[in-house]
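Student: One letter stands for each residue in the lines below.
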Amino acid sequence: MKHKNTSKKNTRKILNPFEFIKNESDTKIYKYEYTTEHAITEEKNNLEKINEHKLTNSIVWLNIDGSDKNIIKKIATIYNIHDLLIEDILSHGQRPKYDEVNEVIFTLLYMLYYNDDTKEIEIEQISIVLTKSTILTFQENADKDVFKNISTLLKNKAGKIRNRNADYLFYALLDTIVNSYYQVIEKLGIEIENLETTIIENPRQDAFKRINQLRKELILLKRNTVPVRDLIASIMRMENELLEERTKKYLKDVYDQIMQANELAENYREFTMSLQDLYLNTVNLKMNEIMKTLAILTAVMAPATVIGGIFGMNFEKMPIIHNNLGFLITVGLMILIPIFMLWWFFYRGWFKKEY
Amino acid sequence: MKHKNTSKKNTRKILNPFEFIKNESDTKIYKYEYTTEHAITEEKNNLEKINEHKLTNSIVWLNIDGSDKNIIKKIATIYNIHDLLIEDILSHGQRPKYDEVNEVIFTLLYMLYYNDDTKEIEIEQISIVLTKSTILTFQENADKDVFKNISTLLKNKAGKIRNRNADYLFYALLDTIVNSYYQVIEKLGIEIENLETTIIENPRQDAFKRINQLRKELILLKRNTVPVRDLIASIMRMENELLEERTKKYLKDVYDQIMQANELAENYREFTMSLQDLYLNTVNLKMNEIMKTLAILTAVMAPATVIGGIFGMNFEKMPIIHNNLGFLITVGLMILIPIFMLWWFFYRGWFKKEY
Amino acid sequence: MKHKNTSKKNTRKILNPFEFIKNESDTKIYKYEYTTEHAITEEKNNLEKINEHKLTNSIVWLNIDGSDKNIIKKIATIYNIHDLLIEDILSHGQRPKYDEVNEVIFTLLYMLYYNDDTKEIEIEQISIVLTKSTILTFQENADKDVFKNISTLLKNKAGKIRNRNADYLFYALLDTIVNSYYQVIEKLGIEIENLETTIIENPRQDAFKRINQLRKELILLKRNTVPVRDLIASIMRMENELLEERTKKYLKDVYDQIMQANELAENYREFTMSLQDLYLNTVNLKMNEIMKTLAILTAVMAPATVIGGIFGMNFEKMPIIHNNLGFLITVGLMILIPIFMLWWFFYRGWFKKEY
Amino acid sequence: MKHKNTSKKNTRKILNPFEFIKNESDTKIYKYEYTTEHAITEEKNNLEKINEHKLTNSIVWLNIDGSDKNIIKKIATIYNIHDLLIEDILSHGQRPKYDEVNEVIFTLLYMLYYNDDTKEIEIEQISIVLTKSTILTFQENADKDVFKNISTLLKNKAGKIRNRNADYLFYALLDTIVNSYYQVIEKLGIEIENLETTIIENPRQDAFKRINQLRKELILLKRNTVPVRDLIASIMRMENELLEERTKKYLKDVYDQIMQANELAENYREFTMSLQDLYLNTVNLKMNEIMKTLAILTAVMAPATVIGGIFGMNFEKMPIIHNNLGFLITVGLMILIPIFMLWWFFYRGWFKKEY
Amino acid sequence: MKHKNTSKKNTRKILNPFEFIKNESDTKIYKYEYTTEHAITEEKNNLEKINEHKLTNSIVWLNIDGSDKNIIKKIATIYNIHDLLIEDILSHGQRPKYDEVNEVIFTLLYMLYYNDDTKEIEIEQISIVLTKSTILTFQENADKDVFKNISTLLKNKAGKIRNRNADYLFYALLDTIVNSYYQVIEKLGIEIENLETTIIENPRQDAFKRINQLRKELILLKRNTVPVRDLIASIMRMENELLEERTKKYLKDVYDQIMQANELAENYREFTMSLQDLYLNTVNLKMNEIMKTLAILTAVMAPATVIGGIFGMNFEKMPIIHNNLGFLITVGLMILIPIFMLWWFFYRGWFKKEY
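Chains as they are written, first to last, in my numbering: chain S, 4 to 358; chain B, 4 to 358; chain F, 4 to 358; chain Y, 4 to 358; chain L, 4 to 358.
Since the list gives no way to pick out one identical chain from another, each pair is judged satisfied if it fits inside one copy or across any two copies.
Below, computed lysine to any residue pairings styled on SDA-like, alpha-carbon distance capped at 25 Å: (1) Lys320 to Pro341; (2) Lys295 to Thr285; (3) Lys163 to Asn243; (4) Lys47 to Lys72; (5) Lys252 to Val229; (6) Lys158 to Tyr101; (7) Lys163 to Ala79; (8) Lys158 to Ser183; (9) Lys190 to Ala145; (10) Lys255 to Glu244; (11) Lys212 to Asp280; (12) Lys160 to Ile81; (13) Lys57 to Thr155; (14) Lys163 to Thr44; (15) Lys163 to Ser94.
I should point out that these hints are in silico values taken from the structure, not numbers from a laboratory. Please read all numbers here as calculations on a predicted model, not as lab measurements.
Model the full structure from these sequences, guided by the hints.
Tutor: Right under this line is the structure:
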């Protein structure tokens with residue numbers, strides 16, 4: 004028994020700030036039994052004869068979708084799962100972990116979903132128990148069935164799953180979960196790329212805040228993928244007869260994919276940072292544009308002020324002061340000089356927008 | 004059968020935002036048959052006797068250039084290719100993938116072109132099916148033949164391809180595809196380097212936008228190269244009698260090259276970021292230059308305003324107010340002081356351009 | 004005997020600028036003796052019969068909690084520990100190290116705590132001496148018992164520790180220590196993430212200073228984890244019959260975890276840097292906002308000044324000067340023009356806050 | 004035959020923007036023949052008996068310095084070199100490549116020189132053909148002999164080259180070439196470091212442009228070193244009886260060195276980027292200094308303007324207006340207030356230069 | 004014989020811009036002879052009987068401290084060291100190198116010291132010659148004995164050195180040298196961290212320059228550690244009977260430590276860059292603070308100027324112009340408005356310092 008995460012409550016908020024999916028539906032039990040030749044799918048309402056094999060030399064996959072404590076505990080009793088593992092399955096917010104106990108390989112990790120409506124990442128805890136001829140999967144939330152594609156593949160006789168042992172199904176399950184990380188990152192990526200367009204065309208404060216939030220989500224996401232990466236590396240190192248050598252090769256692909264996901268998340272994280280820079284710079288340029296206009300306004304008024312000051316002086320003898328057109332000429336000059344200055348600034352290209 | 008990419012439609016836009024080349028021409032079929040001694044090249048109009056070997060112990064390469072569904076399905080029937088693979092070949096926008104099914108190695112990946120006219124990256128899906136003595140390649144677009152150089156090499160008796168098995172041709176095909184990534188990156192690189200000159204000499208907004216676009220293209224390009232990198236790594240790990248050990252060594256070279264391409268893309272991505280900084284900084288300096296000029300204008304007027312204010316005061320006793328030259332002297336001063344200030348600023352080097 | 008760290012005093016301040024926990028309580032001695040079947044826990048007040056095994060083939064773990072020199076020296080004599088090791092145990096501020104002396108594996112490293120009250124990292128020196136059937140641990144500080152969770156696991160008969168040799172306990176101790184690094188980094192991470200919110204909503208100087216401090220703490224923390232990483236790598240390379248091969252596999256997990264901790268620390272370090280940028284940029288934007296307001300104020304006054312200057316001129320013939328409403332019209336204009344300008348600026352969106 | 008770089012003309016400009024050294028001198032042929040005991044050096048004017056060994060079991064190194072097509076083709080005929088290799092030797096601007104053809108190892112790569120006068124990188128194409136007992140080297144340019152140091156070592160009986168096979172000489176040649184990259188990077192590095200001093204002390208625009216150019220040269224240089232790195236890795240993987248195992252170990256040193264060169268180039272590239280930042284920041288600070296001075300000028304004038312305005316008002320009853328000293332007192336105030344303000348600014352340290 | 008560094012004079016300045024320690028004292032010769040049981044230490048004044056073993060099967064370590072050419076040449080003759088090695092030992096400024104010549108392992112590398120007084124890095128060239136039962140070390144400078152701690156360990160009978168062959172001593176020497184890099188980096192690190200405090204509290208130009216210098220020193224330091232890293236890797240790869248397998252394991256620790264040193268140097272280099280940013284940003288904020296104050300000054304004067312302008316107009320009919328208190332009221336307004344504005348600015352928090 005590995006002795007990590009003793010303070011479960013504390014770590015939960017740290018690791019999984021994402022919304023945990025609420026569990027409102029009943030716990031469902033799906034039983035898949037298959038050999039190379041046959042495949043039986045059942046939705047069980049009760050636990051009767053649940054561990055009975057109808058086919059000879061078949062592999063059974065029991066997918067428990069929901070977190071009804073009683074059902075989980077009963078199943079644990081039937082399959083003789085160690086109490087500490089049950090505790091893990093029923094827990095929340097643990098770091099991804101694996102364990103070998105009593106000829107069983109146990110894995111706890113997280114499925115990620117991107118909720119298109121709330122634009123938030125949702126998380127679901129998945130526990131997998133691998134024994135010689137049985138795989139148990141515990142999905143925290145009964146509303147979503149993350150392994151639907153695998154059950155489809157199971158029905159396909161030509162698929163590899165049917166031709167291999169339980170460990171290949173184990174690989175397929177891990178692959179599906181890791182795939183979900185990739186998909187979430189890509190969803191975040193699309194949003195980030197859209198935000199870029201927004202920022203270039205019309206920098207708004209809420210875009211800036213959203214970027215900030217996305218960057219934080221990417222950091223948190225990386226904090227979830229990195230332990231899974233090492234978990235898979237550990238499983239590959241494991242010398243357990245439950246895992247065939249050729250299955251480990253497939254696990255290497257899963258490892259590669261999680262590395263890709265990690266790399267992609269890192270790329271996007273850097274991208275958000277450069278987007279923030281872009282935002283701040285664009286806002287800065289816009290601000291400078293305003294300051295430039297104001298400075299031009301102030302500057303073109305200065306000569307007129309000086310001219311006004313000149314003829315406002317109280318000298319006894321001043322030219323054109325007694326001329327009837329003097330005032331008009333002077334005021335005309337006070338208007339023409341700013342206009343000339345503006346033309347000159349325009350000619351120099353000072354009014355061109357630079358961002 | 005690997006069970007990835009179930010939601011093909013969604014991922015397409017993500018992975019391949021580049022324009023897919025439209026398929027307007029007819030599907031062409033090229034058949035290359037070769038042994039060490041002989042090589043036969045045919046352009047077939049129909050599928051008759053397509054799988055017939057004219058030479059003993061020869062290797063046949065069937066290059067299907069175009070995406071006519073009927074032809075592809077017929078060929079699949081002739082060569083006994085699994086339905087799921089056909090589905091992959093006819094699909095769009097999948098992530099690069101490989102598979103081993105029924106003693107066949109299947110690979111799906113993308114050829115990239117840089118369109119010099121539109122300055123856009125174009126993408127073409129390539130599927131390769133490797134069997135013991137036959138290689139099938141499916142090119143989505145009939146207008147471009149990406150494997151022209153390989154067919155040239157095939158005619159050359161001294162070339163390695165003629166002396167090796169089908170797996171060496173497989174390697175040569177992968178090498179050509181990976182090479183295309185390198186070439187596209189280099190093309191992007193040239194444009195980026197040209198943009199740098201533009202920005203230093205004459206920072207314009209469209210250059211800035213083009214950089215942004217290029218950076219995004221580089222990120223997307225990396226998202227295409229990274230999975231291919233891992234795909235090749237997986238093929239190298241594969242223990243399949245179709246692949247000889249010595250061919251795997253050549254695949255290592257392909258792997259190295261894609262790593263180089265990746266590294267280069269990363270370098271250019273960083274470069275675009277520093278170019279953006281450069282642009283913003285140059286624009287900023289230019290803006291500051293304008294602000295400086297305006298501030299100088301405003302500042303040199305201030306003393307004249309003060310002097311005007313002095314002699315505009317209504318004191319009873321004021322010096323030189325009754326002097327005939329008083330006005331001229333004062334106005335002269337109001338003109339000379341700004342001139343002196345400008346000279347002094349010039350002397351201090353304030354008019355030197357700094358960017 | 005490895006010959007590092009000869010200048011102990013100098014390096015101490017460098018490596019451990021964190022507060023060393025003061026030792027105020029008495030040194031306590033806990034003796035755990037266990038076989039697969041039985042486990043005995045004793046708190047010893049004296050050293051009598053301390054090295055006596057009550058069970059056959061049992062493993063004894065002696066946890067000395069405190070740094071009473073006399074007790075430590077006596078124990079060293081009883082267990083025949085080399086003088087140089089005793090010197091290490093009683094020293095302060097050494098770099099983490101390991102050594103193989105006289106069929107003993109010695110390890111010195113640091114436990115880290117995050118003090119939630121003072122928001123400071125506290126450090127405690129831990130020395131571990133592994134022999135064939137005995138493990139001695141020396142904790143510098145009697146107030147904290149860092150290995151409480153392990154003693155709990157020891158009482159659990161199903162736990163792996165009870166079924167394995169002393170080297171597994173050794174692994175469990177290292178794992179606990181490395182775990183503490185992870186927890187401290189996570190605590191720092193939470194604070195950093197909270198600071199980000201503070202900075203975006205209300206950038207204050209003390210937040211800026213706190214970030215600076217946290218970044219420094221992260222650098223120092225990395226300086227502590229990197230040597231531990233290499234220390235564990237060295238132990239894994241060690242060919243010592245005290246360490247079983249299967250235990251080394253577990254050490255690989257510890258190695259992975261410290262790498263994760265390191266990566267996380269690096270991520271947070273980069274994050275603090277981007278936070279500093281964010282702070283400075285936000286402050287800059289705020290400052291620019293002020294400058295903009297002031298520039299607007301100055302600019303809207305300029306036309307009024309010019310108009311005042313116009314009618315302050317001393318021309319003989321000036322329009323509306325003799326008009327009774329002239330003054331009111333002019334002053335009205337002097338008030339309306341700024342108001343119009345302000346409206347126009349508002350209309351252009353110049354008063355919108357951009358940060 | 005590897006089938007890369009079909010579009011040689013296009014890639015040339017991309018890969019080698021450096022000046023290719025013009026070939027103005029005649030092609031020279033140097034023949035070195037050596038055994039452990041003896042070494043013969045000849046400069047040949049014609050190709051007569053060029054492939055004749057004068058010593059038993061000797062190794063011959065033929066260094067062809069220049070690119071006279073006729074001579075190269077004749078030598079190719081004498082040594083039975085494949086036509087495709089001859090094409091490579093005579094080509095320009097190819098990516099570094101290696102090939103195994105007809106029991107020959109062929110390598111094409113580039114020697115780099117830093118021209119101290121023009122401050123430009125010059126490039127020379129080198130082709131190496133390794134056979135059992137003969138090495139042929141083709142240097143594009145007759146003016147420079149890059150392998151002078153090796154010919155010196157050949158004359159030294161104690162040197163390793165004399166005691167080993169042709170593959171050791173092959174290693175020595177590669178080592179010399181890779182060494183040239185290191186030296187060029189170091190030369191660039193010195194210039195970069197000198198530019199830093201220039202920028203800190205006197206930021207000038209041409210320094211900025213030179214940095215930009217150097218950074219670009221470093222990127223291009225990396226684009227040349229990375230393929231050579233992988234080329235050497237490929238040679239190390241090669242299983243060819245021409246290469247002894249112990250020579251591969253030396254190649255590992257060459258690999259290490261090119262990695263170092265790469266790392267150094269990367270460091271300098273980053274350094275140039277931080278230098279650009281430094282330049283822009285320094286220029287910015289200088290500009291701010293000017294703006295500060297102008298703002299001070301404008302600000303100290305404002306109170307005087309106000310005072311002038313006060314006494315320019317046309318109230319009937321105004322104080323000190325009839326006082327004889329009124330004007331002097333007021334003007335004195337208008338002069339003293341700015342002086343006081345300047346003193347206060349000075350006292351506050353506003354005139355201190357900050358860069 | 005490796006053929007690197009032919010242009011020794013040129014590379015010297017590049018690699019070692021640090022002050023070479025002047026050699027003013029006489030060359031000293033220390034002879035240590037030891038077996039597991041006995042250890043003899045002698046300071047020799049002449050070379051008589053220098054190669055005589057007093058103990059049977061003993062290992063002799065000859066530490067030549069100083070660079071007296073005659074003594075070194077005599078020793079070389081006595082121990083039959085190759086001329087080329089002697090040349091290396093007497094040279095300056097070479098890149099770190101190793102060589103195997105005539106059953107001897109030769110290593111040349113550098114010891115680094117941080118001079119606390121001059122705050123400069125000092126460098127000393129160390130050459131090590133390892134033969135079967137003798138180690139020769141040549142220290143360039145007689146003033147410093149870098150291997151003092153090892154001679155201390157030699158006297159300690161329990162130390163590992165006494166129980167092992169000469170290669171273990173060789174390892175211990177390398178370890179001491181690599182340790183010196185670590186210590187120098189830590190010293191630089193402390194200074195950098197102190198500079199950070201200086202910059203935050205009182206940004207001064209000399210701190211900025213010092214940071215720049217430290218960053219350059221770190222780059223140069225890395226340029227010294229990276230070749231040593233690869234040198235040690237090469238030694239580990241070496242198959243030489245002088246090196247036992249178990250000693251290579253210790254060399255792995257040295258390798259790890261130099262990697263740590265490298266990482267630390269890189270961290271500090273990045274830190275100096277962020278410090279420069281910090282400096283420039285702080286200076287910028289300070290400058291902005293000044294600009295803000297000046298802009299406030301200018302802005303608060305503007306309304307007063309306008310009011311002055313209003314009542315300076317020459318309209319015939321103007322209100323309160325004939326009122327006795329008119330002037331006082333108006334001037335009061337001209338004073339109160341700026342005061343009100345200042346209060347409002349204060350209330351808005353514009354006077355708060357933000358850095």
